[in-house]
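Here the protein sequences come in this chain order: S and R. Residue numbers for the first sequence follow my numbering, beginning at 202 and rising by one. Residue numbers for the second sequence follow my numbering, beginning at 61 and rising by one.
Calculated directly from the structure, the hints in this document are not laboratory data. There may be inaccurate statements among the hints.
To be verified - Here are the computed lysine to any residue pairs in the SDA-like style, where the Cα-Cα straight-line distance is at most 20 Å:
#1 R:Lys163 to S:Gly410
#2 R:Lys220 to S:Met247
#3 S:Lys257 to R:Ile198
#4 S:Lys257 to S:Trp281
#5 R:Lys191 to S:Phe335
#6 R:Lys222 to S:Ser243
#7 S:Lys257 to R:Cys254
#8 R:Lys145 to S:Phe335
#9 S:Lys257 to R:Leu148
#10 R:Lys222 to S:Leu252
#11 R:Lys163 to S:Ile409
#12 R:Lys222 to S:Phe335
#13 R:Lys163 to S:Arg413
#14 R:Lys191 to S:Gln375
#15 R:Lys222 to R:Lys163
#16 R:Lys220 to S:Leu252
#17 R:Lys145 to S:Gln375
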Amino acid sequence: MGPGTVFSSWWHAAFLARRPSISLGLFRLAVAFTVGAHMIPSLFQMADNYLATAFKTKNLWFFPVPILRLVDASPDGVVWAFVWLFGLSLAAFTIGWYSQASGILMTLSCYYFYALNNYHIGTLSFDILLVTLFLMCVTNYPGDFLSVDSLRRGKSAPHKRLRPFFVQRLLQLQLACTFWCTALSKVTAGGNWLTDNPYYYLMRYPAIGVVRDFPLRAWLGQHPSLCYSLGLSLILFEFALPFLLFIPATRPCALVLGIAFQVMLWLTLHVPTIFLFLFPPLMLLFVAPERLVAWIERRQEANAARGRALLLYDGQCGFCLESVKRLRIVDLFGWLDPLDFHAQPDLARLHPALTPERCRSEMMLLEPTGRLSGGFDAFARLTRKLPLLMGLAPAVHLPGAAWIGRRVYRWVARNRLLLHRNPACASNQCGLAETGNGSP
Amino acid sequence: MGWSIRTAYVTGQSSRCQLRRAVGIIIDSMNRRRRRLISCFVAVWLALFTYETLRASYLSPLVLRLRSARAPSDVEGLAGRPLPKLPLLFPPAGWIMFFHIDKAYGFAEVYGLRRGVEPALLDPHDIFATKAVGYDNIHRNVLVGVLDRSDAPAFCRYLKRKFPAYDEFAVVYAQYPDVVETPDRILRQIAYRCQ
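Chain R with its partners taken away, still in its complex shape (with noise of 0.2 Å):
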């Protein structure tokens, strides 16, 4: 290419014609380049994306069911870690929208406690007061996330500066049991307590 445009430029003959044909070379050499690289990423890209939409759900359970049958007393082991997730990228469990729907239908309640007087039902919107845009992350259950216990300190700090007029709270999982056979009964356990 190199060669061209320098032949071209000493000889002066045909100039133009040799240095539109070099710069041809040059900018279809980049092209190549630029398509390869192109092509590369959208293998790359095409592959990881099938492997994460298969991964949770259907190549990690054959996997383990191929290891486990393989290896039956090392379930636990080896034979017992599902495939890994590449990170940074992707849904943890693949493209799984509203795909389990149980009859049950479980959330937290948090009360509030003072000495003396009943509990009061916190209302869940003043404890997180977080408005998203165009719907109401409440009602998409947000609370339930508190009642991990490993949580529960967290939690029960971020309470005492939200609501300091109480002196203590009850973090609840309440739960209807059959929202057909029985939609006005619920079942309430004290998933843990600050004090």
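Next comes chain S alone, as it looks inside the complex (with noise of 0.2 Å):
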């Protein structure tokens, strides 16, 4: 095999190989959280920060120059408008709703703010979050799972979808550089971190520095030697980090080691947002993507040991049938069996309470302790229980949640064939629907 040959295989290998796309996916979520975090408490302060009557610094280093006029000759109304962008595009992005195009808008929102003022976002770790945004951007792959999109496209096990690696193999390589470039920087390029002491100077910092007042400080204030030593095993670990995270027998030491240093950063400095939510999940992007699909394969094959949730619907109903669909998406540890009851011809077997005209009406939710609930109270079980679903249920819970959801259950069901886009009803009986007696 020639060096060629090799340098192939071993480029596809790292780049363009399909693997599942389940980490991006979840990465997504930590991204859109550091954003939100960076970002919206600047929002708060709109006169301090972006409207006319703000203190603006702008970043020459970054922007081209046509740029920063541009956006400072902007007026209040643009910049409120930037804000709602931004707020919606956010909220677009987090639940994976056109999430390429939702997290284009929001990185275009976050360039614009920290055009028209760089003094309070713009610091190191923003630009290293807007290297993150842009890669993010570039497919749609962080769409794939754990989004509206992936319920969109309605195509079951999202988890298991294959893409080509590159993003997240990129997106590792950034936190692999970052790290060593940094402990590089100490040693070289103007750093003191060998012929100095700064850990020493830094617990010597007053009051109003950069340290948090943890409680070793003073102590380590004290110990010039120790804290040398100190300086020199975090450049040592920033060197190895990036090593120890791409050898597969050292990766578990090393995430347990890369995220607890995030923590005590986080916990001695006053270092920016990034660091406590978008580090430790760059890292985890580390974790084979094939390792986390076949945990959820295994908790699958776990329920379905233990028994799984019966889901009685009308599978004469279009809009039932769809909805089924979704929720095998959402189902992510198959936790339920959805069972058409017209297949089930003795349903009192199953629970003493069932009856075709009740499971016409609504679905019907039969847990495998024997608890049965139906309708609106069947999904506010199913948020408790189907992980994906769970951000909805506080909401479904808060009181008088019940009283409108069953009201809102009952006009849907009623209804159904007016939301029921699904071409194939005309021939699927659910007609029945108009009968009154039909439901999802």
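Combine the two chains into a complex, taking the hints into account.
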């Protein structure tokens, strides 16, 4: 095998191989959270930060002057429009609704506010975040999992969707490079961690400085040689971590150490949001996505062995079929076993309270424990049991939510033909709903 | 490809097989094109990433050294220019978190002045009230950014709006010259006044 072939196969394995995109779906949430945590506080002080009354500074290193002039000329109305654009695109990106488009809009709004005033949000960390955002917008892979996009697509098992691995690999390289080059700059190119004792100086900084008032700080401030050793250890760790993350045998240990390192940084220093919210998830991108898929499948098998909950639905109703299809996508761990009640001749054998009329009027959920619920109450139970619906659980369990929810459910059940856009409906007897008995 | 599909359609002989083969060829060609596109993107990204990682701290000084060695008299001209930065992406100076920490610690203070009253040190949290999640921007020395004299008119306008009770303001550069040897010694110098 020649060097060209070796390189080609290495390149393919590193960037082009199709692997599950589940990690990017999860990472999308971390990115959205980090962007929100970084940007939203600055939007609460619009007069101080972005409107005509604000004190603004510009990042001439990052932005070309014409862009800065253009942005600076924007009246307050445009600024407010970007606030809305940012809020909506962040929300859409978080739930994975048109993930790529919403990601691009969110990134553009971040750029706009950064160009408008870099005083509060503009840090080195924000530059790193923008690099991450750019990679997250290059493809729509981050919307494959845990997203409205996956529900819209309607394909089962979105966690197993295979995609070229390059986005995840480039994010891994970004993190590795951040650590490695930070260590390198500490010992070369103006860094003074070998020739001086910066960690010791940090411990001696005044209260207004970047170091938090943590318990051992005063003691460390009395031990310069220990601080020097700690500083060197940190540099060695930063040099070693990227390699430890890429080597499968050392990866678990490196992940634990890397995340602990970030937490330690955050506990001892006033480091920006990104250190706590973005770097640990970036490290988790080193976990092979196949391992996540295998873990999900093990959970599915365990649920199958324990006995699944039965979801009885009307298989002659297109709306119900579509809803069940989406529930299957949301049911990540295979807790549910959807069953067309028409295919079950003896419903009473499953549960004495089950009748064809009841099953036709609302979906019924029969849990392995024997607990039976129907309609909105069944949905409320699902938000407790299906991990991907758990975000809705607080809302559906609010006081009064059940009262409203049951009425909305009944309305949907009665009018499901109006909501239903499945062309197959014409032939699948969903006209039964017109009798008033059918429901999703 | 089109020929294969048409032939399969017209002749009807083992059409399913031919159609499958034609579709396979189309998909294969699309995949090849996609792989090529991805490879190009990755190569360009890695090149830019490496360039921006090394540019400020390593490449620019190296190029400057080489240029000045070649044309020692033109250091202020073309030879003195650093390498260009890619706009809109990547940190301006590479990945340099906490790379140089000095014994000295400089910071900014803002005093509110009223006639006949002692100058009052303004709490920096009142000057910039934006609260970041999980850390305090004031502790990251965000206020030091107002010391630049070119920003003085804008900052003075800002202070007058935020603190109308004061007649004037003094923006002061303060410095601990040595946090180890003289941890309590602070040097202060007025950077500018807002009148």
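Is it true that the CA of lysine 163 (chain R) sits at most 20 Å from the CA of isoleucine 409 (chain S)?
holds, 15 Å
Take the C-alpha atoms of lysine 257 (chain S) and leucine 148 (chain R), compute the straight-line distance between them, and say whether it is at most 20 Å.
holds, 19 Å
Between lysine 222 (chain R) and leucine 252 (chain S), is the straight-line Cα distance small enough, at 20 Å or below?
holds, 14 Å
Do the alpha carbons of lysine 257 (chain S) and isoleucine 198 (chain R) lie within 20 Å of each other, as the hint requires?
holds, 16 Å
Run the distance test for lysine 222 (chain R) versus serine 243 (chain S): straight-line Cα separation, threshold 20 Å.
Given that 20 Å is the threshold and the Cα spacing comes to 17 Å, the pair holds.
Given the hinted pair lysine 222 (chain R) and lysine 163 (chain R), is their Cα-Cα distance within 20 Å?
This hinted pair is violated, its Cα atoms lying about 34 Å apart.
Within a Cα-Cα threshold of 20 Å, do lysine 220 (chain R) and leucine 252 (chain S) meet the stated pairing?
OK: lysine 220 (chain R) and leucine 252 (chain S) at ~16 Å, within 20 Å.
Compare the distance between the alpha carbons of lysine 145 (chain R) and glutamine 375 (chain S) with 20 Å, and conclude whether the hinted pair is satisfied.
holds, 18 Å
Within a Cα-Cα threshold of 20 Å, do lysine 220 (chain R) and methionine 247 (chain S) meet the stated pairing?
holds, 17 Å
Compare the distance between the alpha carbons of lysine 257 (chain S) and cysteine 254 (chain R) with 20 Å, and conclude whether the hinted pair is satisfied.
Distance ~17 Å between lysine 257 (chain S) and cysteine 254 (chain R) Cα, so the pair holds.
Next pair to validate is lysine 163 (chain R) with glycine 410 (chain S); report whether the Cα-Cα distance is within 20 Å.
Holds, at about 12 Å.
For a C-alpha distance cap of 20 Å, please report whether lysine 145 (chain R) and phenylalanine 335 (chain S) respect it.
holds, 17 Å
In summary, the structure is inconsistent with hints 5, 12, 14 and 15 from the numbered list given earlier, while agreeing with the others.
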